[in-house]
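Undergrad: Here is how the chains run, residue by residue.
There are 2 protein chains.
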Amino acid sequence: MRTLDVALADRSYPIHIGSGLLGEPGLYARHAAGRRVAVISNPVVASHYLGPVQQALARAGARPVSVLIEDGEQAKTWETLDRVVGAMLAEQLGRDSLIVALGGGVVGDLAGFAAAVYQRGIPFIQVPTTLLAQVDSSVGGKTAVNHARGKNMVGAFHQPLAVIADVACLDTLPDRELRAGIAEVIKHGFILDADFVEWLEANMERLLGRDRDALERAISRSCELKAQVVAADEREAGRRALLNFGHTFGHAIEAGVGYGEWLHGEAVAAGMVMAAELSVRAGTLRAEDAARVAALIGSAGLPVRGPRLAPERYLELMQVDKKAAGGEMRFILLEGLGHATLKGGLDARHVRDSIAACMQ
Amino acid sequence: MRTLDVALADRSYPIHIGSGLLGEPGLYARHAAGRRVAVISNPVVASHYLGPVQQALARAGARPVSVLIEDGEQAKTWETLDRVVGAMLAEQLGRDSLIVALGGGVVGDLAGFAAAVYQRGIPFIQVPTTLLAQVDSSVGGKTAVNHARGKNMVGAFHQPLAVIADVACLDTLPDRELRAGIAEVIKHGFILDADFVEWLEANMERLLGRDRDALERAISRSCELKAQVVAADEREAGRRALLNFGHTFGHAIEAGVGYGEWLHGEAVAAGMVMAAELSVRAGTLRAEDAARVAALIGSAGLPVRGPRLAPERYLELMQVDKKAAGGEMRFILLEGLGHATLKGGLDARHVRDSIAACMQ
Chain A
7 MRTLDVALAD RSYPIHIGSG LLGEPGLYAR HAAGRRVAVI SNPVVASHYL GPVQQALARA
67 GARPVSVLIE DGEQAKTWET LDRVVGAMLA EQLGRDSLIV ALGGGVVGDL AGFAAAVYQR
127 GIPFIQVPTT LLAQVDSSVG GKTAVNHARG KNMVGAFHQP LAVIADVACL DTLPDRELRA
187 GIAEVIKHGF ILDADFVEWL EANMERLLGR DRDALERAIS RSCELKAQVV AADEREAGRR
247 ALLNFGHTFG HAIEAGVGYG EWLHGEAVAA GMVMAAELSV RAGTLRAEDA ARVAALIGSA
307 GLPVRGPRLA PERYLELMQV DKKAAGGEMR FILLEGLGHA TLKGGLDARH VRDSIAACMQ
Chain X
7 MRTLDVALAD RSYPIHIGSG LLGEPGLYAR HAAGRRVAVI SNPVVASHYL GPVQQALARA
67 GARPVSVLIE DGEQAKTWET LDRVVGAMLA EQLGRDSLIV ALGGGVVGDL AGFAAAVYQR
127 GIPFIQVPTT LLAQVDSSVG GKTAVNHARG KNMVGAFHQP LAVIADVACL DTLPDRELRA
187 GIAEVIKHGF ILDADFVEWL EANMERLLGR DRDALERAIS RSCELKAQVV AADEREAGRR
247 ALLNFGHTFG HAIEAGVGYG EWLHGEAVAA GMVMAAELSV RAGTLRAEDA ARVAALIGSA
307 GLPVRGPRLA PERYLELMQV DKKAAGGEMR FILLEGLGHA TLKGGLDARH VRDSIAACMQ
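Protein chains in written order, with this note's numbering: chain A, 7 to 366; chain X, 7 to 366.
If you are wondering where the hints come from, they were derived from the structure by calculation, not from laboratory data. Careful: at least some of the hints might be erroneous.
Which copy is meant is left open, because identical chains are indistinguishable; a pair holds if it fits in one copy or across any two.
[As the list claims (entries may be wrong)] Simulated pairs of lysine to any residue, SDA-like, Cα-Cα distance not exceeding 25 Å:
#1 K349 <-> R101
#2 K349 <-> G127
#3 K349 <-> Q98
#4 K349 <-> E294
#5 K349 <-> R241
#6 K349 <-> G92
#7 K349 <-> A39
#8 K349 <-> R42
#9 K349 <-> L95
#10 K349 <-> D102
#11 K349 <-> G156
#12 K349 <-> G244
#13 K349 <-> D219
Keep in mind that this is a model prediction, so the values were computed, not measured.
Model the full assembly from the supplied sequences, consistent with the hints where possible.
TA: Shown next as structure tokens:
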């Protein structure tokens, strides 16, 4: 087991990474002993892991109940949250209870937001069961639900007490979801660590083959990189925005084709290719580095082109993106591999052309 | 104009108290200049004050839009919040925009919660227009909406940038609401300041007659007392819970008769009489002090008895109250006038008897 620390003063927390961790009572005991606990999960994940997690909690001295939500992005709504809150109130869970989020990004975002707002906030532990959730949504405290007018438009920053990333969960993860998770791993290399990009170029086969050591190393490095950024800028006032590399285009892709059609990681993958293309046109990235971006994404079996929509439709969808500051659109561009920057005042023509150049 | 400071490290903020303040551009300028602003209000309040506030904001260099919600407690729901968020997204308000909450407690709680969760949190300014909101809900950063299973069950701690309490707004406040606000003023005396209780006993006539100086002094002292408690315990881990004196019974009254039948302040008034009665039975308060509690409440024209419900129904309604810790019920009792304490492990018979003794 490796343990990283996300350094956030009085909200610092550990990320434990290893095999078979979710059934370890010792990892829960400090936070859960003597408490009532709501384990929030979905039926698919619960069929594999709810039993072991509840047993571990019980052995850690907690009194767990479970609340299941629907599987998939469409469950990330007000209505689901309202049902979760209702179920917890029906169980008379008080302000001293604890939430355990057991599942992928949807469960993590929704359960984390439930923890942020239940009786004005209770603590929670993340037990991410997908690669995407292990490397991305479980680090940094972002929680949210979607609004009819946009993804993640209602949410909170709420840090977990601990993250338990069990690599053994990835054995049963569908290939498509594994690749979607790799998209975020790659992203951390592109924006923060050129050496890690090289390592990924050399080890993509092992990752796709689910080599456990390779996965543990990739998750660990990825979390470490993200944790450094989050520690420096918890509320996304500046540097943290760089983690959204590929996301402005990616959110437009997800919204444009309808949420759930493309996986988040797939949309971000094509979005990163667009953002690299835009970086070349804006003069901050060499064309051969943009080619390496596309090649690494392609080698992971991820889409290197976005869906065919009118470029104007992309722009329209990006306007409501929450990174739009005071009406001006800003983009995260690469300045060489391993370095990113947030830039406003770009030529709208460059944006349109980059989209058009990277569509199916 | 008097200005108090609520000392909360990097979230400290001023409370301005005086006549005609809501139309003063200078009080908004520092926070609103150059920003887009959503003024959230209801039709009744808006008919009096939306114009002046929007003008002041425009003169302060902001670009305001307004979002109106229904009047009354029944508007404090998910659905209303969802509409507010939708309206703000339709106006393409970004993460750098600002909310101004213009109205009573419902507007303040809902608009404050909207600010807490809109795109994971934006700042807000409180412009409370009722006495209750001026002395209570605008100090301390508590925001929330109601759930079908209980009041304020979903919310956040989110401190405003500033509170602008305009005493001139109270001129048009219905008598019943004025009295409901006085209930919270009195409460601050009972739990924190025996001298203030004496001052209130001597000045109740002036307050009910809307003497502006008396009101300003009462609001100011009340906010000061509450601000001291909040500064010492922002997240209600301990001392802050004392501010809920009368509220455990009060929430049960509100829920028992249906939200909206009794004003919050009325329910708290009767709840304080019950809590004082319980304090006598638990041996922490002298009977003559409990009589002073009831007398002061009565002199404000507030109810000194709760509605007639089975005591068991009261208990049932109180069980889901969010102050119930780990299943054990705790009560805020008086230890003499001006001193309160949080106590668990009370004799259930004493609780029942206190309720029965203070019912209509």
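Undergrad: If a hint holds in the structure, say so; if it doesn't, say that too.
TA: Structure-based check of all given hints:
1. Taking the shortest alpha-carbon separations for K349 and R101, only the inter-copy value of 17 Å comes in at or below 25 Å, while the best intra-copy value is 42 Å.
2. Proximity of K349 and G127 under a CA criterion of 25 Å is satisfied inter-copy only: 23 Å between copies versus 35 Å inside one chain copy.
3. Proximity of K349 to Q98 under the C-alpha cut-off of 25 Å is restricted to the inter-copy arrangement: shortest distance 20 Å between copies versus 49 Å within a copy.
4. In this homomeric assembly, K349 and E294 come within 25 Å of each other (Cα to Cα) only inside a single copy, at 21 Å, whereas the closest approach across copies is 70 Å.
5. Taking identical chains as interchangeable, the C-alpha atoms of K349 and R241 lie at most 25 Å apart only when both belong to the same chain, with a minimum of 19 Å there against 37 Å between chains.
6. In this homomeric assembly, K349 and G92 never come within 25 Å of each other (Cα to Cα): the closest approach is 43 Å inside a single copy and 28 Å across copies.
7. Proximity of K349 and A39 under a CA criterion of 25 Å is satisfied inter-copy only: 23 Å between copies versus 47 Å inside one chain copy.
8. For the identical chains of this complex, K349 and R42 are inter-copy neighbours only, at 21 Å across copies versus 47 Å inside a copy, given an alpha-carbon limit of 25 Å.
9. Only between protomers do K349 and L95 lie at most 25 Å apart by alpha-carbon distance; the minimum there is 23 Å, versus 45 Å within a single protomer.
10. Proximity of K349 and D102 under a CA criterion of 25 Å is satisfied inter-copy only: 17 Å between copies versus 43 Å inside one chain copy.
11. Taking the shortest alpha-carbon separations for K349 and G156, only the intra-copy value of 23 Å comes in at or below 25 Å, while the best inter-copy value is 46 Å.
12. In this assembly of identical chains, the alpha carbons of K349 and G244 lie at most 25 Å apart only when taken from the same copy (11 Å versus 46 Å across copies).
13. Taking identical chains as interchangeable, the C-alpha atoms of K349 and D219 are never at most 25 Å apart, the minima being 37 Å within one chain and 53 Å between chains.
In summary, the numbered hints that this structure violates are 6, 13.
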